[in-house]
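> Sequence:
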Amino acid sequence: MSNHPVQTVSTSNDKYKVILAVVAAVAGVAAFYILAGQAPWIRAVALVVGLLVAVGVIATSDMGRDFVNFSKETVRETKKVVWPTRKEAGQITAVVFVFVLVMAIFLWGTDQLIGFLLYDVILGWKK
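Going by my numbering, the first residue of the sequence shown is number 1, and it counts up by one from there.
If you are wondering where the hints come from, they were derived from the structure by calculation, not from laboratory data. Glycine included, every Cβ here is placed at the ideal spot set by N, Cα and C. It cannot be assumed that every hint is accurate.
[Stated by the list, open to error] Label-pair ranges, simulated between beta-carbon atoms:
1) 90 - 30: 26 to 36 Å
2) 34 - 13: 28 to 38 Å
3) 123 - 78: 30 to 40 Å
4) 23 - 66: 18 to 28 Å
5) 73 - 20: 42 to 52 Å
6) 12 - 78: 49 to 59 Å
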């Protein structure tokens, strides 16, 4: 039996916030379809308001704050990446194409050799 403490994923309030966010998103989508006879901009506003309320509610939860922090860290790490130049990208692409061509020829040759050995040499079947 383990003596490690059990960590809860979220608090009770966070669960209610997530449920409220889902309800707001569903309400926005439902309003979009219920207002089918209205002007398109009214339907779009209803949908956007429902989704914005959902995002706003979820952003106040621990899970939402963790997601925002994760997104910020992801952007920060992406800025640190050294992207290849156009010349380097072209060279890498050429190497990949050559490798694929060599492997295709190798696999075709191996298939032909096995076919020859199996059908012509071992079984004696001529094509």
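> State for each hint whether it applies.
Against the structure, the hints:
The beta-carbon spacing between residue 90 and residue 30, approximately 51 Å, falls outside the hinted interval of 26 to 36 Å. A C-beta distance of roughly 30 Å is found between residue 34 and residue 13, which places it inside the suggested range of 28 to 38 Å. Against the hinted window of 30 to 40 Å, the Cβ-Cβ separation of residue 123 and residue 78 comes to about 58 Å, which falls outside the hint. One distance hint, 18 to 28 Å for the beta-carbon pair residue 23 and residue 66, holds here, with the actual separation near 21 Å.
Between residue 73 and residue 20, the C-beta spacing of about 27 Å breaks the proposed range 42 to 52 Å. In this structure, residue 12 and residue 78 break the distance hint of 49 to 59 Å, their C-beta atoms being roughly 35 Å apart.
This entry does not satisfy hints 1, 3, 5, 6, going by the numbered hints stated previously.
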